[in-house]
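Protein chains in written order, with our numbering: chain A, 1 to 290; chain B, 1 to 290.
Since the hints were made in silico from the structure, they are not lab data.
Cβ coordinates follow ideal geometry from the N, Cα and C atoms, glycine included.
Some hints could be false.
Between beta-carbon pairs, the in silico distance windows are [as the list claims (entries may be wrong)]:
{"no.": "1", "chain 1": "B", "residue 1": "Ala289", "chain 2": "A", "residue 2": "Arg158", "range": "28 to 36 angstroms"}
{"no.": "2", "chain 1": "A", "residue 1": "Ala112", "chain 2": "B", "residue 2": "Pro275", "range": "19 to 27 angstroms"}
{"no.": "3", "chain 1": "B", "residue 1": "Pro157", "chain 2": "A", "residue 2": "Trp124", "range": "38 to 46 angstroms"}
{"no.": "4", "chain 1": "B", "residue 1": "Val129", "chain 2": "A", "residue 2": "Asp270", "range": "30 to 38 angstroms"}
{"no.": "5", "chain 1": "A", "residue 1": "Leu123", "chain 2": "B", "residue 2": "Val129", "range": "18 to 26 angstroms"}
{"no.": "6", "chain 1": "B", "residue 1": "Ala289", "chain 2": "A", "residue 2": "Thr37", "range": "26 to 34 angstroms"}
{"no.": "7", "chain 1": "B", "residue 1": "Arg20", "chain 2": "A", "residue 2": "Met127", "range": "40 to 48 angstroms"}
{"no.": "8", "chain 1": "B", "residue 1": "Val129", "chain 2": "A", "residue 2": "Ser174", "range": "26 to 34 angstroms"}
Listed here are the chains, written in short residue letters.
Number of protein chains: 2
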Amino acid sequence: MAKKDGGRKRGEPVLRDVLRIPGGEPIDLGAYDSRATPAGPTGKAAGLAATAGLGPRLAGLQERLYAASTAGDRRRLLLVLQGMDTSGKGGTVKHVIGLFNPSGCRIHAFKAPTREERNHPFLWRVMRVLPQPGEIGIFDRSHYEDVLIARVRDLAPRREIARRYGQINRFEKSLAEDGVTVVKVFLHLSYEEQRARLLERLDNPDKHWKFNPGDIEERALWPAYRQAYERVLERCSTDAAPWYLVPADRKWYRNWAISKLLLEHLEALDPKYPPGDFDVEESRARLLAS
Amino acid sequence: MAKKDGGRKRGEPVLRDVLRIPGGEPIDLGAYDSRATPAGPTGKAAGLAATAGLGPRLAGLQERLYAASTAGDRRRLLLVLQGMDTSGKGGTVKHVIGLFNPSGCRIHAFKAPTREERNHPFLWRVMRVLPQPGEIGIFDRSHYEDVLIARVRDLAPRREIARRYGQINRFEKSLAEDGVTVVKVFLHLSYEEQRARLLERLDNPDKHWKFNPGDIEERALWPAYRQAYERVLERCSTDAAPWYLVPADRKWYRNWAISKLLLEHLEALDPKYPPGDFDVEESRARLLAS
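Bound-form chain A, shown alone (with noise of 0.2 angstroms):
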């Protein structure tokens, strides 16, 4: 029963308030601890059947949001998962997007840059894979690579890069302007959790198709990846397109939190079913005919 305020126990924080981060000051990762669980469930059973219970509210909403489109509503929901190697983008892909139905999600994951893409902006190849009205876009990494790994692999001059904040910031405000609710996700993994499930690829033949020694090279460089974030989270966590840092060291709070994080934005859409624009009566009277 979805009561006004989205269904929430009395006293139940807003995940988005606890999460979000505030933007526009220097922020100190070591001091968020990535096995928290800031809100609601506490132990793994618990967070399972919570996520799980989810799963009919999403995908009802997202039927919602898909049927508004089909009158002309124009908003979309994009969400943007960045983390470490190993933080779960790709598992909350599965688990947490699992839930919906797939026939509306739009999912890309991004690659090293081909040399086409090279050839433009960076924010050329964003813009072909955008979320269209109704849909749920979903970005395993993004735009955001391009401060982040072209930062910490010097892939492009720094005063390019130094640009490069402002013109993400003006071009998520222009899609929160155009209907797009942008839901970024920062996955907050700690270096030695990283290393257990390194290790554990390793442990399984059957997932050492995942692992890639040049992973290590790039876990040597945490350090810099860690201040790279860190940027990013202080320049690019706006009004218009906030991140959120969700504790990833947890498997099943991390689904959680960010299945919670979509049911609350999509909540505050509120998407509704479109009246038609035919004569009901006229129409069945013709059916029954038929």
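We have chain A already, so just place chain B on it with the hints.
Quick look at chain B alone, frame taken from chain A:
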């Protein structure tokens, strides 16, 4: 436990053989019962349970297919869904494709062609949205519309439409040669069940957005569509890409049958997790030291 025969019980028929349209000979759709359950579960509760039970096996095979593609295996699967309005193309995507990991599914719903698409050969827009190696592609409608509605509505000269059957067969043969397992499903719905489903949409204001009075006009062309489908099944059920006829009046049976068809095809592909091409012990040592 997967057995060599794909986990079938002794004597259980291969659904592919049961539902396959032979091709090359005239077909009378009136001879096929759209409420039949020609193999598998015969009741709704058992059908729903059986479909849910296939989910983990489907997702597991999908992961292996994707994993294999990272080591150069080009194989992929393309599910083509065709059927009259309300026959359940969208429902299949929701309930069957919803069993897979959404990140490996490439879904495309074909609408009336745009001006740009009409200016190209009719297969042009199809080529652009094919699944890539390791992916499951899903077409909700397809290039077959160009010999279905195009024939019924005279959208192209007769001679041109007559040529398309051969063009489709050659196209699909090329796909098969390139590693695409093409699974074409005709959702066989009765005229009476379509009326019931359209009435259901009228009865529920939350479903009015799905109703278009134009659907009643299309329904008046039922005999012409049926003939067009009969021609497709006769001309285009080939060894490279056979058509399967799925009785679609019972939604639970439709979902089970398509899930099972996909399972049989994926089991026949039998994709393997690729071995790693790196030194596991060396990587483990470097990780533990990091």
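Hints versus structure:
| no. | hint | in the structure |
| --- | --- | --- |
| 1 | B:Ala289 - A:Arg158: 28 to 36 angstroms | holds, 32 angstroms |
| 2 | A:Ala112 - B:Pro275: 19 to 27 angstroms | holds, 24 angstroms |
| 3 | B:Pro157 - A:Trp124: 38 to 46 angstroms | holds, 40 angstroms |
| 4 | B:Val129 - A:Asp270: 30 to 38 angstroms | holds, 32 angstroms |
| 5 | A:Leu123 - B:Val129: 18 to 26 angstroms | holds, 23 angstroms |
| 6 | B:Ala289 - A:Thr37: 26 to 34 angstroms | holds, 31 angstroms |
| 7 | B:Arg20 - A:Met127: 40 to 48 angstroms | holds, 44 angstroms |
| 8 | B:Val129 - A:Ser174: 26 to 34 angstroms | holds, 27 angstroms |
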